[in-house]
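These are the residues of each chain, in order.
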Amino acid sequence: MSGIQVLSDIGWGILHYIIFYPPVYQYVIIPGFAAALIIVIFIIWFERKAAARVQMRYGPLEISPRTGGATQLIADLLRYTVQEIIVPATADFLPFILAPNIAVVLALLPMVAVPMTSISEYWPIPMGYSLLIAVALSTLSPIFIVMLSWASNNKFAVVGGLRESFVIVAYELIAVISLLAATPMTGTFNMVTIVNDQLSGRWLGLLNPIALLTAFIAVLMSTSGFPFEIPDSESELVAGPYTEYSGLMYGLNMGAAYIRRWAFSVLISLVFLGGWAPYRPTPGLVTGYLVPSLIVTVKAIIVMAIMSFLRAVYGRYRLDQALSLAWEVMIPLTLAAFGISLAEAYFGVVP
Amino acid sequence: MPARPVIKRSPRVTFLGRAIAGNLGALIVGVKYFIDPNRITLLYPHEYIKLRQGYRGYIVLKMDLCISCSSCARICPARAMKMLPVQVKDKKTGRIMKKKYPVINYNRCIFCGYCVDVCPTEALYHVPYHDIVYFNMADMILTLEDIQKEPEFITAKEGVPVKYVYDEKRGLVKVAAEEEGKPPQQTEKSKEGETA
Amino acid sequence: MSSQTGVQGSEVPRLPGMVVRPVERRVYEVQIGPAHPGSGHMRIFVEVDGDVMTRVDPDIGFVHRTMEKLAEGRDWIKNIPLFERMAILDACNITLPYVEAVERLLDLDPPERAKYLRVLLCEINRIASHLYGFGIFGVFLGHSTLYMWAFGDREVFVQLAEDLTGARLTHSYPVFGGVRRDIPDDFPQNARKATRYMRGRLDEYARIFLNNPNIRSRLEGVGVLSKNRAAELGVVGPNARASGIKYDVRLVEPYEAYDRLDFEIPIFEEGDALARAWQRVEEIKQSLNIIEQVVDWLEKHPREGFMHDKFWKTAPKLYRDVYEGKIDYAGKYRVKLMPLFATLKVPAGKASARVEAGRGEMFYYVESDGKDVPYRVRVVSPSFRNVIAFKYVMPGHRLMDLPAIYGSFDYFPPEWDR
Chain A
0 MSGIQVLSDI
10 GWGILHYIIF
20 YPPVYQYVII
30 PGFAAALIIV
40 IFIIWFERKA
50 AARVQMRYGP
60 LEISPRTGGA
70 TQLIADLLRY
80 TVQEIIVPAT
90 ADFLPFILAP
100 NIAVVLALLP
110 MVAVPMTSIS
120 EYWPIPMGYS
130 LLIAVALSTL
140 SPIFIVMLSW
150 ASNNKFAVVG
160 GLRESFVIVA
170 YELIAVISLL
180 AATPMTGTFN
190 MVTIVNDQLS
200 GRWLGLLNPI
210 ALLTAFIAVL
220 MSTSGFPFEI
230 PDSESELVAG
240 PYTEYSGLMY
250 GLNMGAAYIR
260 RWAFSVLISL
270 VFLGGWAPYR
280 PTPGLVTGYL
290 VPSLIVTVKA
300 IIVMAIMSFL
310 RAVYGRYRLD
320 QALSLAWEVM
330 IPLTLAAFGI
340 SLAEAYFGVV
350 P
Chain B
0 MPARPVIKRS
10 PRVTFLGRAI
20 AGNLGALIVG
30 VKYFIDPNRI
40 TLLYPHEYIK
50 LRQGYRGYIV
60 LKMDLCISCS
70 SCARICPARA
80 MKMLPVQVKD
90 KKTGRIMKKK
100 YPVINYNRCI
110 FCGYCVDVCP
120 TEALYHVPYH
130 DIVYFNMADM
140 ILTLEDIQKE
150 PEFITAKEGV
160 PVKYVYDEKR
170 GLVKVAAEEE
180 GKPPQQTEKS
190 KEGETA
Chain C
0 MSSQTGVQGS
10 EVPRLPGMVV
20 RPVERRVYEV
30 QIGPAHPGSG
40 HMRIFVEVDG
50 DVMTRVDPDI
60 GFVHRTMEKL
70 AEGRDWIKNI
80 PLFERMAILD
90 ACNITLPYVE
100 AVERLLDLDP
110 PERAKYLRVL
120 LCEINRIASH
130 LYGFGIFGVF
140 LGHSTLYMWA
150 FGDREVFVQL
160 AEDLTGARLT
170 HSYPVFGGVR
180 RDIPDDFPQN
190 ARKATRYMRG
200 RLDEYARIFL
210 NNPNIRSRLE
220 GVGVLSKNRA
230 AELGVVGPNA
240 RASGIKYDVR
250 LVEPYEAYDR
260 LDFEIPIFEE
270 GDALARAWQR
280 VEEIKQSLNI
290 IEQVVDWLEK
300 HPREGFMHDK
310 FWKTAPKLYR
320 DVYEGKIDYA
330 GKYRVKLMPL
340 FATLKVPAGK
350 ASARVEAGRG
360 EMFYYVESDG
370 KDVPYRVRVV
380 SPSFRNVIAF
390 KYVMPGHRLM
400 DLPAIYGSFD
410 YFPPEWDR
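Residue numbers (numbering that gives the first Met the number 0), protein chains in the order written: chain A, 0 to 350; chain B, 0 to 195; chain C, 0 to 417.
Keep in mind that the hints are not guaranteed to be accurate.
To spell it out: a stretch of chain A is covered by chain C in this simulated footprint if at least three of its residues, at any positions, have a beta carbon under 8 Å from a beta carbon of chain C; those stretches are [stated by the list, open to error]:
hint	region
1	44-54
2	220-229
3	315-322
Here are the simulated BS3-like pairs of lysine-lysine, each with C-alpha atoms no more than 30 Å apart in a straight line [stated by the list, open to error]:
hint	chain 1	residue 1	chain 2	residue 2
4	C	K299	B	K168
5	C	K309	B	K7
6	C	K309	B	K81
7	B	K162	C	K299
8	C	K68	B	K81
To be clear, the hints were calculated from the coordinates, so they are not data collected in a lab.
Think of the CB as a built atom: it goes at the ideal place given N, C-alpha and C, for glycine as much as any other residue.
Chain A extracted, bound-state conformation (with noise of 0.2 Å):
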């Protein structure tokens, strides 16, 4: 037993059973915390940049011009992290604090249902029902959004946290049948089954692009992505439910809504978009978890830009269209989706 061999065994382990652990590894590194802190700094810097594209400017460029601005968000993150937390006295204290704590967290907890690989020994929980668990914990967050806003005690943010609730209530039911709209075409809950079924070529996707739409224009009305900008509309209510915070709570509360489009937007990459094809997975800790991860995560980053980028095309809906739009216009489009599901289903037109 020499030293080398104790370290090396000290070093496997610690990759197996810490760092390589499933629930660890998919709430933590991909695609939990470290992935969607860093991918969400570089999102935001490329919703500037793609905005300042399309509007004769050139966005961030003064932090460091020749990389063209690409370090203006870490700029932001330090100078939010030493910015001064003022609570106001009116406020409630409790909820006011902990509540987008919270919703953070309750944000990237569908991360550890869904699956990264085909290989079994690298799953989290047992993938026989994923679909509809990773589905149901993406409902959880969005209340906390109305606690902190009903905490401030400011105007402002109560019509904010007003005006979230009922986007809340529209955009859930959407969101859910669209993503349940792959179960008749594959027959069952099992995200590795529908993944895998998607290698031969035939994304659900393509098959099903009705529902791909609806589950696109669901998340941008769930993480007030233009057009639905509607709870923290700058111009009308000044920041919306957020008004209050200031600081690190400010820099949460923003990169909030991007970590749960980064949490919605890995679901849709794995259902619609075909998940890790077209790479079959080998044993082996590197080719077997890291690169199908990684595959997933360049899918998801492509549906996030192209979200970010209808800031520049679009304007903002009134309240009252958004959700006549959502409850008159999207429902039963969905509905249609998943009747599309099931006729194809029937018909055999299954990937």
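Starting from the structure of chain A, add chains B and C where the hints point.
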């Protein structure tokens, strides 16, 4: 040919046409500018606009042309120009006389150019730049020596001069301006070393 | 003033100078305040019942600078830069009625070329002002692309104005008897390039903003001002013309060179916010036509007649040298002012003049009693007349319609508050 009123209607489209064609039209315009952007931002202070002669910038006095008529001080709308009596030696008669020369308070000047336009001997002129910085408000009230010197243009030392030319497809296009040679009066640093 | 609004039936202490107004239980009062990103420098008291506004009360006066009183202490020519800062966007349109009224008192008629030059700058300012209105409208609706595009394209016209007058926004261009500068040599071709560029851009504005189903649904049928109501409230400018009233000062009482130019005045009949937005787009197109005609005329005719002979006939040779650019440090085509302007004494009398500014009809009343300062100048600005529409149009709409209606009326607080 007087004007004629004409009744117009805003375009009406059907619901489906509005939903599909409208969204597609907006998205296509967005993608077109995403691929080929038309940026007009001036990256100041790394670049600065070299303005043409005729821009109403800071004001400089040519003392030997001034005849002390005080028209500039009388016409200044902001009361920024005042006449200062100084003892000078008159060239023709050789006696020491008291003559009045203008000085400017840049705290008040609105750069309207009335003083330059009203001077009967063309003793005042504009320099084509406007971004001068002072450290305190007392420096902005110029003395008689300072008003005869062109202010020091710090941006020209550190930045690249550019010019915007008109273009039919892109509106304004930024091009590098060529250097035109030395300005008519050499700039001297003031004795205190501060910008004036 | 502290308004202690109490629930119906409760006791509220009354202090001197206090206004008490009972608010019903269902109603929620929101103040869109002066330091809000959604309003200009004005405050709007809104009482909201659920999501529907029941009472809207604009509270104006935050930018009051007592311009009419300040004008009584300054000489006649010094008031031109003063009044210009009322609405610095269309500077020439704001100072032109003052200059015209004083010219009526002096019994002068400016020569031809001066009139065409004034029309040129007026139309450039009108386009810049409408584009500014579009930009603010875009920001209120959350459409940041229109905001950036409107201000970026406005830069083209501000640059044209800078070539003409020497300053980007504070032109101070018309003076009694004529204008201060003539067009530079490369101005006609630049102006033509600018007008061709802007015509193409207006199509893109229509595609990304006005025909965008998102924005269109926010504007169509919102803030409808019927023709009778508009006439009753007395709104002016593009707001009235979008409701079907055929009133434009350039049509009714042509001034300067407008009766010799060929242009249309668009009238829309629907009266909603979408019609007001299209009205401004059509007016920009007509202004581009006018600029092209004026530039053609200015190119063809010789460079004389930019200043009235009363002030130019006795000018020394130096003035003509400066105009032709023979003095190298002095710029070219600059019209020097006679020292007489500093102590101009205007004969006693009363005169008035009106002009179609970017936002509506601008009216000045000037009274003089023979001295070198005015006795009274009264300004009626177009925003002054439009703000009453907020009180009567907005109730009944939803709270999120307030930015759409506010932006479509193109209200500019410094212009009303003077």
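Status of the hints after comparison with the structure:
Counting residues of the region 44-54 of chain A whose CB falls under 8 Å from any CB of chain C gives 3; the rule of at least 3 is met. Coverage of the region 220-229 of chain A by chain C holds in this model, with 3 residues showing a Cβ closer than 8 Å to a Cβ of that chain against a need of three. With 6 residues bearing a CB less than 8 Å from a CB of chain C, the region 315-322 of chain A meets the requirement of three and the coverage assertion stands. About 27 Å separates the Cα atoms of K299 of chain C and K168 of chain B, which keeps this hinted pair within 30 Å; it holds.
For the given pair, K309 of chain C sits about 45 Å from K7 of chain B by alpha-carbon distance, which is inconsistent with the 30 Å threshold. Distance check on the hinted pair: K309 of chain C and K81 of chain B sit about 29 Å apart at the alpha-carbon level, within 30 Å; holds. A threshold of 30 Å between alpha carbons decides the hint, and for K162 of chain B with K299 of chain C the separation of about 29 Å falls inside it, so the pair holds. About 24 Å separates the Cα atoms of K68 of chain C and K81 of chain B, which keeps this hinted pair within 30 Å; it holds.
Of the numbered hints listed earlier, the single one contradicted by the structure is hint 5.
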